[in-house]
Amino acid sequence: MAVYERRWRRYTGRLSPASLRLHVIVRYAIKDIFASKLFTIFYFACFLPIIVGIFLVYFSHNVPLLAAFGIADEFLGIWTMDFFAGLFLWQAIPAFLLAVLIGPSLVSPDLSSHGLSLILSRPISRVGYIVGKMGVMFFLISPPTWMGSLLLFGLQSNMAGAGWWSENLRFLTSHLVGHLCWITVISLLSLAVSAIVRHIWAARAALLAILFAMWAFGGLINEVVETTWGSVIDLMGSMVLVVAKIFDPAFSNPFPIWISWLTLLGYVALSLAVLNRKLRAHEVVK
Amino acid sequence: MTEPKDTGGPGALTLNGLSLKFGSLTVLDDITASLGGRVIGLLGPNGAGKTSLIRTLLGFYKPQKGEVSVLGHPLRRGALAIRELVGYMPESDAHLASMTAVRFIRYMAQLSGLPSAIALERAHEALFYVGLGEARYRLVGTFSTGMKQMVKLAQAIVHGPRFLILDEPTNGLDPSTRRRMLDLVLDLRDRGETKILLSSHLLRDVEAVCDEVLILNKGRVAAVCDLESERQTNKSFVEVELVNPDGDFSDRLLSLGCEVAVVDQRRMKLVMPSGVTVRDLMTAASDNGVAFRRLDHKRDSLQEIFLRAMEADRGRV
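If you read the protein sequences in the order shown, they are chains A and B. Residue numbering for the first sequence follows numbering that gives the first Met the number 0, beginning at 0 and increasing consecutively. Residue numbering for the second sequence follows numbering that gives the first Met the number 0, beginning at 0 and increasing consecutively.
Since the hints were made in silico from the structure, they are not lab data. Some hints could be false.
Below, in silico cross-link-like pairs of lysine-lysine (DSSO-like), each with a Cα-Cα straight-line distance of 30 angstroms or less [what the hints assert, rightly or not]:
(1) A:K36 x B:K64
(2) B:K20 x B:K268
(3) B:K64 x B:K217
(4) B:K64 x A:K277
(5) B:K20 x B:K61
(6) B:K147 x A:K277
(7) B:K64 x B:K20
(8) B:K217 x A:K277
(9) A:K30 x B:K147
(10) A:K277 x B:K268
(11) A:K30 x A:K277
(12) B:K61 x B:K268
Partner residues aside, some chain B positions facing chain A, computed with beta carbon under 8 angstroms [what the hints assert, rightly or not]:
(13) Y87
(14) A96
(15) T99
(16) G112
Covered stretches of chain B (chain A as the covering partner; in silico rule of three or more C-beta atoms under 8 angstroms from a C-beta of chain A) [as the list claims (entries may be wrong)]:
(17) 120–129
(18) 243–251
A virtual CB, placed ideally from N, CA and C, is assigned to each residue, including glycine.
Working from the sequences, and respecting the hints, build out all of it.
Written as structure tokens, this is what we have:
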């Protein structure tokens with residue numbers, strides 16, 4: 000039927016399975032996000048640490064080239080815990096910036112024009128909606144973080160030969176656990192903040208403010224009371240302590256490591272509570 | 000227009016002792032009704048609980064007590080199953096401002112489970128159907144109020160639902176757009192492929208398109224009225240005013256089988272039995288040399304039904 004014939008008919012064909020409808024949320028969101036050229040440039044810039052790492056892998060195993068430049072000694076024993084811990088930080092910071100950019104653009108538009116009531120009037124639950132949005136965050140933040148680490152680790156293992164893999168598996172585990180935790184926390188936090196602050200740029204500013212305000216406030220407590228317990232409220236600090244402990248079990252924390260885990264869990268729980276309260280088809284006024 | 004394929008029947012919407020509370024505030028109080036019309040009107044003054052009832056049907060609010068079923072699907076078995084069947088046009092402004100109309104409608108269709116290519120085709124169709132064909136590549140955020148109402152209708156029907164919920168569809172529309180919206184509702188009704196629940200506080204809108212009405216007041220059922228049979232019944236009630244009253248005329252009417260009540264010398268009220276038409280009255284009048292000054296069918300309008308329901312409810316309080 001030609002579409003301009005102005006008639007309506009019921010749909011009696013097959014419906015896609017419910018799980019595929021989450022893909023619809025993910026696909027539309029990703030297309031919207033990459034509509035911005037500036038974001039696309041920034042996104043590919045987030046791969047720089049991994050690209051640099053791949054070059055280092057190549058150079059560190061190309062002895063004649065290193066000898067020609069006279070820097071062979073500098074590359075000896077480069078694959079240490081410090082290298083991988085540094086790489087983690089260089090991935091985690093862009094990951095947070097990605098969450099700042101992506102998160103608000105996922106939720107705020109649905110809330111600011113009440114589109115959420117239309118989405119949730121479809122056969123999609125609130126949990127499904129959040130899982131879909133989280134899926135977008137994981138889909139976009141994973142490649143420059145843990146997936147990149149996996150690639151780098153695989154390349155190095157391949158070039159270094161047998162034995163390197165098993166001897167250094169802890170570095171890979173640390174990257175995987177650390178990045179997955181970090182992505183979970185920052186994704187939920189960014190979705191939660193955008194559910195409260197419904198203007199995209201205001202939500203982005205609020206996210207940065209939360210990160211730096213908690214860091215500054217924790218530091219202030221540490222300075223004034225001469226303690227290290229102020230860092231308990233610092234999201235970034237807690238994550239660093241947790242990852243440092245995974246990298247090196249002998250790492251001496253200023254306080255028990257479970258407290259840092261508790262801080263991260265606290266942020267997750269708070270974000271989930273906010274999402275549960277704010278992401279509704281209609282607000283209930285009691 | 001096509002002929003109606005489904006004249007309705009019980010089970011389109013069944014409410015059994017439905018109660019909803021927000022904290023200490025009772026929003027819906029023991030609502031019981033079984034509605035099977037093609038277009039069910041949901042009437043009531045502001046704050047009567049119309050929108051809350053709709054949101055309960057969609058599973059947005061969880062009732063404290065009672066049961067709801069839409070087209071035989073009980074809500075307690077899961078709201079998602081009901082949402083599969085339903086198209087919902089909310090009362091408030093609701094859209095995704097940064098999308099073009101066709102992308103927005105396609106997105107909604109795909110979320111309802113339509114495959115991508117079919118969703119695109121039906122998005123174009125739905126937009127042409129509601130009269131937004133020419134504007135389908137414009138951002139929804141740039142639409143006027145009337146266009147936004149129409150785009151809300153398009154997203155509600157794009158997936159071809161079996162049950163369509165329209166919450167105040169004519170809100171904020173100018174007279175011509177309002178007429179167009181009501182014509183679309185009538186067209187959907189007459190196609191007979193979907194049942195419609197239309198919530199409004201505008202009696203004339205409900206009267207124009209609905210064949211059954213649930214009137215709510217303060218969260219309770221004030222009246223359930225089958226407008227279609229009311230209209231049929233009213234056709235047999237006639238009030239006449241005579242120019243030259245004649246005693247034999249009432250005897251003639253009685254012989255036709257009419258029930259006659261003489262109001263005064265010139266006015267009388269009649270109930271015509273089936274088979275007797277106004278034409279028979281005219282013939283009888285002509286035979287008796289009586290002329291009519293006025294002849295009216297009884298008009299028990301929705302407004303009267305509504306006001307009576309409100310009065311009765313006030314009495315109950």
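Structure-based check of all given hints:
no. : hint            : in the structure
1   : A:K36 x B:K64   : violated (53 angstroms)
2   : B:K20 x B:K268  : violated (47 angstroms)
3   : B:K64 x B:K217  : holds (17 angstroms)
4   : B:K64 x A:K277  : holds (25 angstroms)
5   : B:K20 x B:K61   : holds (9 angstroms)
6   : B:K147 x A:K277 : holds (24 angstroms)
7   : B:K64 x B:K20   : holds (9 angstroms)
8   : B:K217 x A:K277 : holds (27 angstroms)
9   : A:K30 x B:K147  : holds (24 angstroms)
10  : A:K277 x B:K268 : violated (60 angstroms)
11  : A:K30 x A:K277  : holds (25 angstroms)
12  : B:K61 x B:K268  : violated (50 angstroms)
13  : Y87             : holds (4 angstroms)
14  : A96             : holds (5 angstroms)
15  : T99             : violated (12 angstroms)
16  : G112            : holds (3 angstroms)
17  : 120–129         : holds (count 7)
18  : 243–251         : violated (count 0)
The structure does not agree with the numbered hints 1, 2, 10, 12, 15, 18 stated previously, though it agrees with the rest.
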